[in-house]
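2 protein chains.
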Amino acid sequence: MLWREELEEVKAIVTREILRAIEENVRPEGLAKASAHLIKGGGKRLRPYLVVEVGRSLGANLDRLLPGAMAVEFIHNFSLIHDDIMDNDQFRRGIRTVHTLWGVPTGILAGDVLYALAFTSLGKLREVGVRASRVQMAYEELSKAVLRLAVGQGLDMTFPKMRKVRISSYIEMIGLKTGALFECSAKLGAIIADGKRRTISKMGVFGRYIGIAFQIIDDILGIFGDERVTGKPVGSDIREGKKTILVLYTLKKAEKSEKKLLLRTLGKRDARRSEISKAISVIERSGAKEYAMGVARKYALKAVAALDALPDGPHKEHLKGLAEFIIEREF
Amino acid sequence: MLWREELEEVKAIVTREILRAIEENVRPEGLAKASAHLIKGGGKRLRPYLVVEVGRSLGANLDRLLPGAMAVEFIHNFSLIHDDIMDNDQFRRGIRTVHTLWGVPTGILAGDVLYALAFTSLGKLREVGVRASRVQMAYEELSKAVLRLAVGQGLDMTFPKMRKVRISSYIEMIGLKTGALFECSAKLGAIIADGKRRTISKMGVFGRYIGIAFQIIDDILGIFGDERVTGKPVGSDIREGKKTILVLYTLKKAEKSEKKLLLRTLGKRDARRSEISKAISVIERSGAKEYAMGVARKYALKAVAALDALPDGPHKEHLKGLAEFIIEREF
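Each protein sequence line maps, in turn, to chains X and U.
Here the first sequence stands for residues 1452 to 1782, numbered as in our numbering.
Here the second sequence stands for residues 1452 to 1782, numbered as in our numbering.
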C-alpha cells in the first residue's frame, strides 16, 4: 500500500499550503473561514495526487509540482461549494455545506475566491523555475478545464427536466463535469515536468478516463453507499431527479411497473425515506449497479493502458494503484 | 469627441467577439443565453477600452489587444451576475438581472462560465504573437485582480453590519472591488504592447485611480442619478444598507436628528419610496455629494498625472477624455 502513504504525504502538504494561501490572501475573516471550510472538512486530494505522481514519474520534484497540485484542488473545492448551492445540498464530507452555514452570498463569494486562488497559485510556477511557455500552457489547460466543468454542470442541471437522456450523453456529461479536471490534473503534471507533447496528451487520456470511472462510482455510492462512510446523504440524487447511469439503465431495462415506481419518486424533493428505499430497490433489481460497475471498470482499464507513455517505476505503479482504488473505494 | 467614436468602435468589436465566444463554447443553450444576457443588455465597455487605448498608445494594434480586452469584460460581467445574486438586485442596465430570469443556480453557473471564458480568452494571446513571458504576466495580473475583486466584494458585504466604517476603509474597499479590475485593464494594455516595467506600473496607478473615481461616481448616481438613465433603481443602495462614501460622510458630519433619520431607513429592505426620499434629502443636506465629487475629482487628477509614462499622441489624449467622462457622466 505504498501509494497510499504517498497520497497521505501529498494530502498533508497540499492541505497545509492551501490553508496558508487562504489565510494570507483572503479577507474579511468570515470569508476566509467560509473558503477554508470544506478543505478543512476532508477530501481525498486525488487530483493533486495525480499532478504529483505524473510529474514525479517524469522526474519533477514536489516543490515544482505543488503550485499545480494546489490549483486543481482549489478548482475542485470552488466547484463543490457552487454545486452545493445549485443543488441545495445540506451535507458534504459529513459536515454542513458552506451556504447552509454562511448563507448563499458568502457561499458564492467563497467559491469565487477559491477559483481565483487556483489561478494565482499557477503564478508561483515561475518562482520554482518552470519556463514561461510551460506556465502559459498550464494556465491554458486549467482555464479550458474550468470551462468544460461548468458546461458539464450545466448539462447535468438540464437532465432532470429532459424526458429521455441517452447513456452516451451521461458519459459525455461526466466527462466534462468530472473528467475535465482529472484530465487537466494529469496533464499539468506532465506539463510542469517538461513532458513531451505526446506524453501530455496520453496523460490527458489517463486522467479523463479515471475521472469518468470516478464519477460512475460516485453515482453508485450516492445510491448504494453507506452515508456514514461517504458523508453524503443517500437518496439526495434521487430527490434531485439526477439522471445518473443507474437511473438511465433502470429506465431503459426495467419492466413498466418497475419504471413507474422509480419515476414516482425521482425528482420528488420531499420524498420520504420509505419512498427512497423503494426506488433504490427498483434500481437494485434492474441490475444497474453491476452494469455501472462494468462500465467504470472498462474506463479504468482504458486509463491504465494510457500509462504506457510513462517510464516504468514506482510512480507509474502508484497511478495503477490509484486507478484500482477509484473502482474499489467505498467513500 | 473623437475618443467616444473610438470607444464605440472598441465596444462593437469586443461585444461581437464576446458573444461569438459564448456561442462557440457554451452549452446547453439556456446557459449560453443566461451568460450572454447582461452583455447583450448594454454596458459601457470602459475596461476593454482601457486595455486598447493603453496598448495602442504603446504601438500595439487591436488584434493583438483584443483577447485582453475581452478578458476584462468577461470578468466584469461575471462579477455583475454574482453580485446581483448576492445583493438580490432585480434590475441592471435597465433590464432584469440574470438570476431573476433564469434562477439562482443558472445565475451562479453563468457567472462561472464568463469567469472561465476570461482566462481562455487570454490563451488567444499566443496566437496573435504575444511572447509566452508576457502571456504569463497577463494571466498573473488577471488572476490577482479577480482575487482582489472578490476580497473587495467581501469587505463591501461586511460593511452594512459594522457600526463604524472609516472613509479610508471605504476607499480601500472600492480600490479592490472596482479599482483592481481597472488597474488590471490598463496594465494588460501595457503588458501586451511589450511596455517597460515602469510603464506597466504607472498604468496600474492610472487604472486604479480612475477605478476609484468611477466607483465614487457610481455611488453618487445610485442615490442622485436618474434611474431611467442609469438603469438601476434609486435607493437600492440605501435599502441594502450599503456604506457608501455619501452615507459615511453624512453619518460623520450631519446633526444627531438628521443621522437618526438616515439610520432609520438605511438597511431597511422594505423601505417605502417616501422613506427613501427622506433619507436622500438628509444625505443631500449634509453636503455629501459635493464632498464625494471632490474626492472623485482628486483621484481622477492623480490618475491623469500617471499618464506621463505614455508617449504623447491621440491615445493619451483619449485616456484623458475617459478620465473626464468618468467624472462628468450621468449613467
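None of these hints come from the bench; they were simulated from the model.
One or more hints might be untrue.
One copy or any two copies: either way a pair holds, since identical chains are not told apart in the list.
[Stated by the list, open to error] The list that follows gives simulated cross-link-like pairs (lysine-lysine, DSBU-like), each with its CA atoms no further than 35 Å apart:
#, residue 1, residue 2
1, K1703, K1484
2, K1647, K1704
3, K1615, K1491
4, K1615, K1484
5, K1575, K1462
6, K1495, K1771
7, K1615, K1767
8, K1704, K1575
9, K1575, K1595
Going down the list of hints, with the structure as the test:
no.: 1; hint: K1703 with K1484; result: between (45 Å within a copy, 32 Å between copies)
no.: 2; hint: K1647 with K1704; result: neither (45 Å within a copy, 66 Å between copies)
no.: 3; hint: K1615 with K1491; result: between (39 Å within a copy, 32 Å between copies)
no.: 4; hint: K1615 with K1484; result: between (42 Å within a copy, 23 Å between copies)
no.: 5; hint: K1575 with K1462; result: both (19 Å within a copy, 34 Å between copies)
no.: 6; hint: K1495 with K1771; result: within (17 Å within a copy, 53 Å between copies)
no.: 7; hint: K1615 with K1767; result: neither (40 Å within a copy, 58 Å between copies)
no.: 8; hint: K1704 with K1575; result: neither (51 Å within a copy, 46 Å between copies)
no.: 9; hint: K1575 with K1595; result: both (19 Å within a copy, 12 Å between copies)
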